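Student: For reference, the chains in residue letters:
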Amino acid sequence: MAQSIDEIVVGLIARNKGLDPSTVIPAAELASLGITSLDAISLAYQLEEALGVEIANADIESLRTVRDITDRCVV
Amino acid sequence: MARVVITGLGCVSALGLGVERFWSGLVTGETGVRPLVWPAGREAVKVAIGAKVWSYEPGDWFPANQIPLLDRFSQFAILAARQAVADGGLGQEAIRSAAVVLGTGCGGKETEEQTYRHLYREGRGRVHPLTIPRGMPSAATESGQHRLGHPWTGLQCDHRLRLFGPCRCAGGLTHPRRLCPGGPGGRYRRSFHLRVAQGMGSLADFVPGPMPPVLRESKWRGSGEGAGVVVLESEAHALARDAKIYAELAGFGLSSDAGHITDPSPNGAVVAMRAALADAGLAPAAIDYVNAHGTGTRANDPCETRAIRQVFGPDADRLVVSSTKAAHGHAMGASGALELIATTLAIRDGVVPPTLNLLDRARGAIWTMSRTRPRLAGSVPPCPTPFAFGGLNGGPRLRRLSSAPGA
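If you read the protein sequences in the order shown, they are chains A and B.
So our numbering is basically just the index in the first sequence, starting at one, shifted up by 3.
So our numbering is basically just the index in the second sequence, starting at one, shifted up by 27.
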């Protein structure tokens, strides 16, 4: 069965940062997960690859929580 | 002048992972050069053979979150360096005061290819933000230092020595004695030499094709990939820590012939070999074995034969000359290091690795025939003779250290 967008986002964050996926909850602040601006751009690249979406650079800068990312990836 | 000795070896090649796998493949006449089957959509590519590191799976060696940050050439460098550090029995103190010197022929070709594919084939608008740090020629050194929480962690690169060029085929052999105590200009207690390369771009996508019954043609030499690392240190330091000593790096010569960008010149090789002999204080008659560049091309082999004849004169007919490229492929920037390792082990075991698939003996009349394994006797100062695109030529001279290395 195909992964949901939530699962893909959580999976990528967990893998990139070496985190337990259960800690990557929708309300988690990206900063608290150790996600830097470079990590955010890397994540945008990976999500564009995985989901076929396009994320504007300006949008990347406004992301604050995990939920912000999943919302941005809903086509 | 203090002696410089080789105390650790590590390599990744088409013959497999590890020095002993590499060496046993060489001496038993195996080859890692195989037919290539290209992935769907790339069948038209005219490269038919290659020496990929066939048995390699990144996930067997690196955590999943580090693999996207490490180009294939960095992964090979790190694995070879880990082996060399372990083989050399180096502790953290020794590692911290070492210089790490890396050479590469092409840098991160895997990253380059992925980026081009992404931008120009798939029409995407964004490249990975780490494209440059992952693919740049110094990435292997940097990645090893910063990314890994493994034995490599303690390796500190000296900023003054974070070298990565000039590094085509011969370039991997640039500088070794200069960076060691007692060598010209040497002021470092130890240095590690990294040689990393990928040949014809990334080989990651290939699968091997069926093997023909016999590889008969010298054209079966192909481009390859891999990495080789040697640990160099002063003899005094090696003795003080009771290290295993493979050989002395007795001399080194380097030249640039300022000739054609790809067509080799015998003159450049002659200058490098003579400089190495002079550096080692050896006469041509003292040399028993030459590990030849031996690419199997019409340009190289006759040129190299002429150069060897010019340097060794009548002794050329007594020399044992062989090339190992038909076994591990032409791994470009890694070739010099792989061949230095092969030559070092030839000293250790008194066995010369054969030249595979050598048909035209007249073309290289002084080369050993396929699958011969001449025994060496006594003191053996052999000399790898790497050439390189751009006219670079390196020529280290090795010497067996016998019972009383400090004498």
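In short, the hints are calculated from the structure, not lab data.
Predicted model, so just to flag it, every value in this text is computed and none were measured.
Ideal Cβ placement from N, Cα and C applies to all residues, glycine included.
Where hints are given, some of them may not hold.
Claimed, not checked - Which chain B residues stay away from chain A? Per the calculated CB distances, all over 10 Å, these:
1. Gly43
2. Ala75
3. Pro90
4. Ala91
5. Asn92
6. Arg109
7. Gly118
8. Gly152
9. Val154
10. Pro156
11. Leu157
12. His264
13. Ser283
14. Thr289
15. Asp290
Stated by the list, open to error - Sample of chain B residues lacking proximity to chain A, with all beta carbon distances greater than 10 Å (derived):
16. Leu63
17. Pro95
18. Ala302
19. Ala305
Said to hold, decoys possible - Okay, the calculated bits of chain A under chain B, using three or more residues with CB under 8 Å as the criterion:
20. 6 to 20
21. 24 to 38
Student: Hint by hint, say whether it matches the structure.
Tutor: To see whether the hints hold, each was checked on the structure:
1. Gly43: holds (29 Å)
2. Ala75: holds (31 Å)
3. Pro90: violated (7 Å)
4. Ala91: Check fails; 6 Å does not lie beyond 10 Å.
5. Asn92: violated (5 Å)
6. Arg109: The claim stands: Arg109 of chain B keeps its Cβ more than 10 Å from every Cβ of chain A (closest is about 20 Å).
7. Gly118: Non-interface label stands for Gly118 of chain B: nearest chain A Cβ at 28 Å, farther than 10 Å.
8. Gly152: Gly152 of chain B not clear of chain A: closest Cβ-Cβ about 7 Å, inside 10 Å.
9. Val154: violated (8 Å)
10. Pro156: violated (4 Å)
11. Leu157: Non-interface label on Leu157 of chain B violated, nearest chain A Cβ at 7 Å vs cutoff 10 Å.
12. His264: holds (37 Å)
13. Ser283: holds (39 Å)
14. Thr289: holds (37 Å)
15. Asp290: holds (42 Å)
16. Leu63: At roughly 26 Å from the nearest Cβ of chain A, Leu63 of chain B sits farther out than 10 Å, so the non-interface label holds.
17. Pro95: violated (8 Å)
18. Ala302: holds (46 Å)
19. Ala305: Label holds. Min Cβ-Cβ 51 Å, cutoff 10 Å.
20. 6 to 20: Result for this restraint: holds, n = 3.
21. 24 to 38: That given contact is violated, which follows from only 0 residues of the region 24 to 38 of chain A lying within Cβ reach (below 8 Å) of chain B.
Going through the hint list in order, the structure does not satisfy hints 3, 4, 5, 8, 9, 10, 11, 17, 21.
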